[in-house]
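Undergrad: Take a look at the letters that make up each chain.
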Amino acid sequence: MKRAKRINLFFFIFASVLAVFYAFPFLLVLLNSVKGKREIINSPLAWPAEFRFDNFIAAITKMDYWTALGNSLIITVIAVSAIIITSSMLAYYLARSKTKFSAATFLILVASMIVPFQALMIPFVGLFGQNGINLPLNQITICIFYVGFGVALSTFLYHGFISNIPYELDEAAAIDGASPFTTFRKVILPMLGPVTATVSIINGLWIWNDFLLPSIVLSDTDQKTLPLKTFVFYGKYTSDYGLAMAGLVLSVIPILIFYFVMQRKIISGISAGAVK
Amino acid sequence: MRSRRQEIRRFLVFATIPLIIFTVVLLVPFFRGIYFTFTNWDGFTATDFVGFDNFVASFNDQAFWASLGLTLLYVLASVILVNAVGFGLALLVTIPLRGVNFLRTAFFVPNLIGGVILGLIWQFIFGQALPVLAEESGIPIFKENWLLDTQTAFWAMVIVTVWQMSGYMMIIYVTALMGIERDLIEASYIDGASNAKALWYIKLPLMAQAFTISLFLTMRNSFMAYDLNLALTGGNPYRTTELISLHVFREAFGFGNFATGQSQAVIMFLVIAIVALVQVVLTKRLEVQR
Chain A
1 MKRAKRINLF
11 FFIFASVLAV
21 FYAFPFLLVL
31 LNSVKGKREI
41 INSPLAWPAE
51 FRFDNFIAAI
61 TKMDYWTALG
71 NSLIITVIAV
81 SAIIITSSML
91 AYYLARSKTK
101 FSAATFLILV
111 ASMIVPFQAL
121 MIPFVGLFGQ
131 NGINLPLNQI
141 TICIFYVGFG
151 VALSTFLYHG
161 FISNIPYELD
171 EAAAIDGASP
181 FTTFRKVILP
191 MLGPVTATVS
201 IINGLWIWND
211 FLLPSIVLSD
221 TDQKTLPLKT
231 FVFYGKYTSD
241 YGLAMAGLVL
251 SVIPILIFYF
261 VMQRKIISGI
271 SAGAVK
Chain B
1001 MRSRRQEIRR
1011 FLVFATIPLI
1021 IFTVVLLVPF
1031 FRGIYFTFTN
1041 WDGFTATDFV
1051 GFDNFVASFN
1061 DQAFWASLGL
1071 TLLYVLASVI
1081 LVNAVGFGLA
1091 LLVTIPLRGV
1101 NFLRTAFFVP
1111 NLIGGVILGL
1121 IWQFIFGQAL
1131 PVLAEESGIP
1141 IFKENWLLDT
1151 QTAFWAMVIV
1161 TVWQMSGYMM
1171 IIYVTALMGI
1181 ERDLIEASYI
1191 DGASNAKALW
1201 YIKLPLMAQA
1211 FTISLFLTMR
1221 NSFMAYDLNL
1231 ALTGGNPYRT
1241 TELISLHVFR
1251 EAFGFGNFAT
1261 GQSQAVIMFL
1271 VIAIVALVQV
1281 VLTKRLEVQR
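First to last, the sequence lines map onto chains A and B.
Heads up, the first sequence is in this note's numbering, so the first residue is 1 and it goes up one at a time.
Heads up, the second sequence is in this note's numbering, so the first residue is 1001 and it goes up one at a time.
Derived from the structure by calculation, the hints contain no laboratory data.
Hints should not be assumed to be uniformly reliable.
The list that follows gives simulated cross-link-like pairs (lysine to any residue, SDA-like), each with its CA atoms no further than 20 Å apart [as the list claims (entries may be wrong)]: (1) A:Lys-265 with B:Val-1024; (2) A:Lys-265 with B:Val-1100; (3) A:Lys-5 with B:Thr-1175; (4) A:Lys-265 with B:Phe-1011; (5) A:Lys-100 with A:Ser-163; (6) A:Lys-100 with B:Phe-1052; (7) A:Lys-5 with B:Val-1100; (8) A:Lys-62 with A:Ala-46; (9) A:Lys-100 with B:Asn-1040; (10) A:Lys-98 with B:Arg-1005; (11) A:Lys-100 with B:Phe-1102; (12) A:Lys-265 with B:Asn-1101; (13) A:Lys-98 with B:Gln-1006; (14) A:Lys-265 with B:Leu-1112; (15) A:Lys-100 with B:Met-1178; (16) A:Lys-5 with B:Asn-1195; (17) A:Lys-100 with B:Arg-1010; (18) A:Lys-100 with B:Asn-1101; (19) B:Lys-1143 with A:Asn-42; (20) B:Lys-1197 with B:Ile-1213; (21) B:Lys-1284 with A:Ala-46; (22) A:Lys-265 with B:Thr-1175; (23) B:Lys-1143 with A:Met-262.
These stretches of chain A come out as covered by chain B in the derived footprint (C-beta under 8 Å, 3 or more residues) [to be verified]: (24) 70-78; (25) 118-125; (26) 205-216.
Quick caveat, the model's predicted, so the values are computed rather than measured.
Cβ coordinates follow ideal geometry from the N, Cα and C atoms, glycine included.
Excised from the complex, chain A in its bound form (with noise of 0.2 Å):
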């Protein structure tokens, strides 16, 4: 038993010294965005010699940090949403119907997934820029675009929970004077409540950390979501190291508040949408 003792300490303290090398960038950058430019650059290591938060107020206006998070969150927000509700109603159909049709589009779906955006983004700017069918480019137009690229895997994982759910319940609620779609919203819907979990936590980090499409999409600065700001403003202060690492820990504060508040969520649905 003390063998067993003393092993497991020395794996925690294996373990600790990892999980330190995982934190260091991260607590390297905090550490930084309280320094001036000089110390920085000098003394990228050393403890800062006062604690100065004029870096964050500066990059709070330079990125125009408010306006950037509120745009991340309308686009992940309103995406995510049309995604849960057009990939479970897609996921329902396929799932209860047995025709050749359904059989091949959930083929396509499923294969559509290894697809990958760069494959599509060239013919994307012909297809809905100036010279195509003119789309605003505005949250609305990204969102539908999300929709397009999240579908397939949410109608898939969708579609495995629901050709779990006894075929008897639809027929019950059919003899009880239900129509397809009051079956779906009363008696199927409630009950999706973990996969729900799933899709809007994978497909949520997948669109608010996305940079390439709202590169491409997003042309308008009022318009641009928080790792868009950041980039631009990197690229532009790059000399000023203060505002670089302020912006940086700006940006990723919200995402860890996120994952504080529904650490559990997240990491059983990401277990479950790996295993399906």
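Chain A is already provided as a structure; the job is to place chain B on it using the hints.
TA: Okay, now just chain B, sitting in the frame of chain A:
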């Protein structure tokens, strides 16, 4: 059985909107993109069919080969290291240690943050912090900025990728490890198996499915890596660390070679599809039926 009319009504109610969006956003650009690779499309109009000229141009483009080769190396290194580290972490955090939840969080958090921000953070680490650390501690390995040399910049990308993705794979492996029935492992101990043997003969075969998924996810993500590449090295020095994604992007939007860029994107898709299929078929074979 439902009547034909009922079936059509259900389709209209539940499936039309999602499928229209999916078709317009994904299928149409995909097939239109393939069509454009056989034309002289310049981003505005396509006047002529040019057969396989764009693919020939891509195959003759030295920079494209270099980028594709680099991407394959990067995928190989990332897939091996991410999963080795992720699995190691999973074994570590399934030991009943104090503060296990805290440890899991520390390993997982890099995954929550987007590639661009991670790239910028590490740009600072490699460029500013580590050279100073090397000077003060006398460890020479980080003395030069790793991002200024092709070879070390490549490994810098791999290191950041491992740091970012291993936590995610850890979660998948932890779930799989916890899902193994305790009786099976205890039975193996009673039969005299050591820890290592129980891991190799009992646990690994029973969690093969987790490997299928993790390998697929790592492979797919590292093939498509763009954000990290852009923010960490930007393809520098001299475009020698450009992964395929960034290369395609610059070919099209930087140099205006839309048709060639698209043909390279299609080649990229084919490579991903083939590698993914082979990988899934191979690892599926190792899975144990229960």
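Undergrad: For every hint, state whether the structure bears it out.
TA: Right, here's what the structure says about each hint:
no. : hint                       : in the structure
1   : A:Lys-265 with B:Val-1024  : 33 Å, violated
2   : A:Lys-265 with B:Val-1100  : 17 Å, holds
3   : A:Lys-5 with B:Thr-1175    : 25 Å, violated
4   : A:Lys-265 with B:Phe-1011  : 33 Å, violated
5   : A:Lys-100 with A:Ser-163   : 17 Å, holds
6   : A:Lys-100 with B:Phe-1052  : 35 Å, violated
7   : A:Lys-5 with B:Val-1100    : 16 Å, holds
8   : A:Lys-62 with A:Ala-46     : 27 Å, violated
9   : A:Lys-100 with B:Asn-1040  : 38 Å, violated
10  : A:Lys-98 with B:Arg-1005   : 14 Å, holds
11  : A:Lys-100 with B:Phe-1102  : 49 Å, violated
12  : A:Lys-265 with B:Asn-1101  : 14 Å, holds
13  : A:Lys-98 with B:Gln-1006   : 13 Å, holds
14  : A:Lys-265 with B:Leu-1112  : 14 Å, holds
15  : A:Lys-100 with B:Met-1178  : 39 Å, violated
16  : A:Lys-5 with B:Asn-1195    : 16 Å, holds
17  : A:Lys-100 with B:Arg-1010  : 15 Å, holds
18  : A:Lys-100 with B:Asn-1101  : 47 Å, violated
19  : B:Lys-1143 with A:Asn-42   : 15 Å, holds
20  : B:Lys-1197 with B:Ile-1213 : 24 Å, violated
21  : B:Lys-1284 with A:Ala-46   : 50 Å, violated
22  : A:Lys-265 with B:Thr-1175  : 14 Å, holds
23  : B:Lys-1143 with A:Met-262  : 40 Å, violated
24  : 70-78                      : violated (count 0)
25  : 118-125                    : holds (count 8)
26  : 205-216                    : holds (count 6)
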